[in-house]
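Colleague: Okay, here's what each chain looks like letter by letter:
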Amino acid sequence: MKEQKILSEYDSKNILREAGVLVCKEILAKDLTEVRKAIAEIGYPVVLKPSLPGLAHKSEHKVVFLDVKSDQEAENAYNIIKDKFPEAKILVQEMVNNQREVVVGFIRDRIMGPCVMFGLGGIFTEILRDITFRLAPVSFKEAMMMLQDIKGKKILESVRSLVEVDKNALADIIVKVSNIGANNNHIKEIDINPICFNEQGTPIVVDCSVILNN
Amino acid sequence: MENKRIINHPLNTILNPDSIAFVGASSDLSKPGALHLLSLIGTFKGKIYPIHPRERQILGLRAYSSIKDLPEIVDLLVVMVPNASVPKLLMEAGEKGIKHAIIITAGYSEMGDKGQELQKEINEIAHKYNIRFLGPNCIGAVNPENGLNTTFFAIKNSPGHLGIISQSGSFVTQTLHYFSKIGLGISKAISVGNQANIDVVDCLEYLGEDPNTHAIALYIEGIKRVRQFLEVSKKIVPKKPIIAVYAGGTQAGARATISHTAALSGKDELYDGLFKQAGIIRADSIIELFDMGLVLSTQPCLENNRIGIITNSGGPGACIADQCERQGLVVPQLSEDTQKIISKITPSISALKNPIDITLSFDYELLIYKLPKILFEREDIGGIVIYGLFGPMHMRDKINSVKHKVKEIPSEMVEFMHQICMQACDRLIELKKRVNKPIILSSLTGAEDPPIKYLQENNIPVVLGMKRAVLCLKALWDYNNIKKNIIEG
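Listed in order, the protein sequences are those of chains A and B. Heads up: the first sequence at position 191 corresponds to 191 in the working numbering, and the numbers run straight through without jumps. Just so we're on the same page, the working numbering is the position in the second sequence counted from 1, plus 214.
Derived from the structure by calculation, the hints contain no laboratory data. All values reported here derive from a predicted model rather than from experimental measurement. Note that the Cβ used here is the ideal one computed from N, Cα and C, for glycine as well. A couple of the hints might just be wrong.
[To be verified] Examples of chain B residues toward chain A, derived with CB under 10 Å:
hint : residue
1    : I437
2    : G480
3    : L484
4    : L488
5    : K567
[As the list claims (entries may be wrong)] The calculated lysine to aspartate or glutamate pairs, modelled on EDC-like cross-linking and capped at a C-alpha distance of 16 Å, are:
hint : chain 1 : residue 1 : chain 2 : residue 2
6    : B       : K438      : A       : D149
7    : A       : K151      : B       : E483
8    : B       : K554      : B       : E517
9    : B       : K490      : A       : E34
10   : B       : K481      : A       : E34
11   : B       : K395      : B       : E662
12   : A       : K89       : A       : D130
13   : A       : K141      : B       : E335
14   : B       : K481      : A       : E157
15   : A       : K151      : B       : D486
16   : B       : K302      : B       : E335
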């Protein structure tokens with residue numbers, strides 16, 4: 001195994017922000033006072049989680065607190081995170097409706113080279129593996145076709161009380177991620193999971209992890 | 215422009231040589247060198263020079279003791295000697311001025327470090343003398359047009375329009391008999407082996423330009439130049455469909471392919487994405503690859519996905535209808551007017567809505583000509599599947615089985631059936647030319663029944679089974695959408 005480096009969630013998202021990808025509102029806080037200040041700015045409900053280089057699969061450590069609604073809940077969450085990861089900073093995020101989750105990813109395959117991926121997100125990425133790949137970079141049209149290429153494509157339509165998602169914006173994220181990966185040889189992997197959707201159906205990046213080659 | 219690209223392509227000479235020298239030739243029919251040479255002698259229209267250090271005559275041909283002694287600079291050298299002797303031979307060929315070769319010999323990069331060294335050595339020699347070659351570790355190539363066949367099995371079917379590129383020689387040679395059974399005509403078949411010099415991408419480039427190739431079938435274990443593969447495929451697909459089987463995507467498949475052709479296989483989902491990006495239709499099995507290849511290389515576009523089904527048996531008709539809907543094709547109910555017209559010419563117990571089921575009627579012309587004609591003229595359908603053409607073979611079988619017991623059956627019965635059946639086939643062939651829409655026969659009988667063979671020879675594909683026939687229609691529909699997407703792109 002070559003040496004690699006997993007960026008913190010916040011730093012990973014900075015790469016996306018710079019490329020113009022819409023990322024959820026979030027503030028990095030180092031102590032409880034800053035956490036409270038961040039919550040005051042974002043407003044309940046919020047998400048609290050650690051931001052730490054080298055930390056992937058946060059939810060497996062039971063340190064991701066969704067839908068935090070009160071000061072008491074926030075303080076409990078803060079204490080648990082600090083208990084497990086004393087050196088971690090705390091990421092305070094707006095709570096984005098997570099009824100629908102999709103994933104966009106990037107990998108550098110030893111044979112195929114840079115590839116971009118799209119599919120069902122959250123835990124379903126692992127359970128159903130309803131995902132599709134293309135060689136990166138992709139055109140907007142290729143990205144639009146990727147959206148139609150998963151079995152669960154109806155999740156992007158108007159279902160139950162949910163509006164149709166903004167497919168152009170979602171395809172645009174795929175294009176941008178494919179370009180970020182293809183143009184930066186030191187990026188080994190990008191895992192954006194999940195991307196959720198606000199009431200208007202706009203895709204918003206909620207979690208992201210970037211792995212660099214050394 | 216097209217012609218120029220074809221003429222300058224190394225595969226053009228390899229597939230259309232006027233003269234071939236065969237190193238490793240043998241008269242001993244227990245040796246591969248004799249069996250491959252026999253295939254070549256059987257059909258090749260050009261000159262063949264067997265090379266053997268001692269023998270003066272091999273399988274009726276004058277043999278030469280070395281490449282140096284050849285009376286001319288041959289277009290193509292076929293090599294079937296042990297791997298360690300190949301570098302020296304290739305050098306001799308280079309000195310002679312020979313520029314093209316097929317290296318059938320195995321024991322190179324698929325055989326560990328020592329093999330890799332040898333492969334590097336022949337690559338360097340080829341580079342030095344500007345030799346382009348297929349292989350090593352391949353079965354060579356087949357071109358039914360000029361009878362070129364360096365492979366083990368004999369060519370059995372007439373030339374057609376499917377071009378085959380395979381990382382397994384088996385699908386280039388062991389299939390030659392199978393092709394004659396399913397009525398598949400091929401334009402060229404190329405076994406690429408370890409792809410040391412000419413690779414899958416080169417072959418795609420060539421077949422993409424080859425006017426006799428109307429569709430391309432690929433058997434892939436691992437692609438070396440992935441990006442070029444994507445670019446070249448994207449250029450070909452608007453002109454002709456490409457269908458592919460990929461076998462290296464599972465752990466077991468990858469283990470098999472690395473020892474087979476040293477192919478660097480990749481995850482199935484990555485190859486799947488690559489094929490979609492390239493506009494390549496993916497087949498699930500070799501049988502499916504050649505079913506689809508047969509239909510895509512002979513049929514016009516399926517411009518809409520509404521399918522007419524005509525049958526004389528309920529079960530097969532139901533299976534075809536059911537499969538159509540499963541595959542995203544539409545089986546529309548026919549209009550009242552059309553049903554009324556059909557009811558006037560069909561037995562009273564017939565089903566008229568679509569599928570049209572004329573229930574065990576042996577009226578050939580009704581089944582394969584009159585009803586398809588009415589459907590094409592009156593209904594908005596993209597293509598037709600017909601099931602139930604039972605030619606004279608079945609009657610002959612029946613008569614043979616009872617002739618000792620039942621004396622009353624007139625022997626001219628079979629001949630009479632043959633005649634009316636062939637007449638109906640002629641009318642179908644003529645209708646097909648007129649409407650220029652896909653017509654597929656689904657059948658449980660193959661080329662052993664004369665009318666089936668006759669239709670196969672006249673561009674009406676007969677596909678075994680119901681699902682397999684529908685999958686071919688689906689492939690036509692997929693290709694239509696792929697093309698539309700590219701053109702609108």
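Colleague: Would you mind confirming whether the straight-line C-alpha gap from K89 of chain A to D130 of chain A stays at or under 16 Å?
Modeller: 33 Å, violated
Colleague: Need the status of pair K141 of chain A, E335 of chain B: alpha-carbon distance at most 16 Å?
Modeller: It is violated: about 45 Å lies between the C-alpha atoms, which goes past 16 Å.
Colleague: Taking 10 Å as the limit, does the beta-carbon of K567 of chain B come near enough to a beta-carbon in chain A?
Modeller: 30 Å, violated
Colleague: Within a Cα-Cα threshold of 16 Å, do K554 of chain B and E517 of chain B meet the stated pairing?
Modeller: Since the Cα atoms of K554 of chain B and E517 of chain B sit roughly 27 Å apart, the hinted pair is violated (cutoff 16 Å).
Colleague: Does E157 of chain A lie within 16 Å of K481 of chain B when you go C-alpha to C-alpha?
Modeller: 30 Å, violated
Colleague: A closest beta-carbon separation below 10 Å is what the hint needs, so does G480 of chain B meet it against chain A?
Modeller: 4 Å, holds
Colleague: Below or equal to 16 Å on CA atoms is what counts here, so check K302 of chain B against E335 of chain B.
Modeller: Within the cut-off at roughly 10 Å; holds.
Colleague: Under 10 Å, Cβ to Cβ, is where I437 of chain B needs to be relative to chain A, so tell me if that hint holds or is violated.
Modeller: 8 Å, holds
Colleague: Hint check: is the beta carbon of L488 of chain B less than 10 Å from a beta carbon of chain A?
Modeller: Constraint on L488 of chain B satisfied, holds at 6 Å.
Colleague: Is the Cα-Cα distance between K151 of chain A and E483 of chain B 16 Å or less?
Modeller: 14 Å, holds
Colleague: Please verify whether K395 of chain B and E662 of chain B have alpha carbons no more than 16 Å apart.
Modeller: With Cα atoms ~8 Å apart, K395 of chain B and E662 of chain B stay inside 16 Å; holds.
Colleague: How about L484 of chain B: closest beta carbon in chain A under 10 Å, or not?
Modeller: 5 Å, holds
Violated hints, listed in ascending order, are 5, 6, 8, 9, 10, 12, 13, 14; each of the other numbered hints is respected by the structure.
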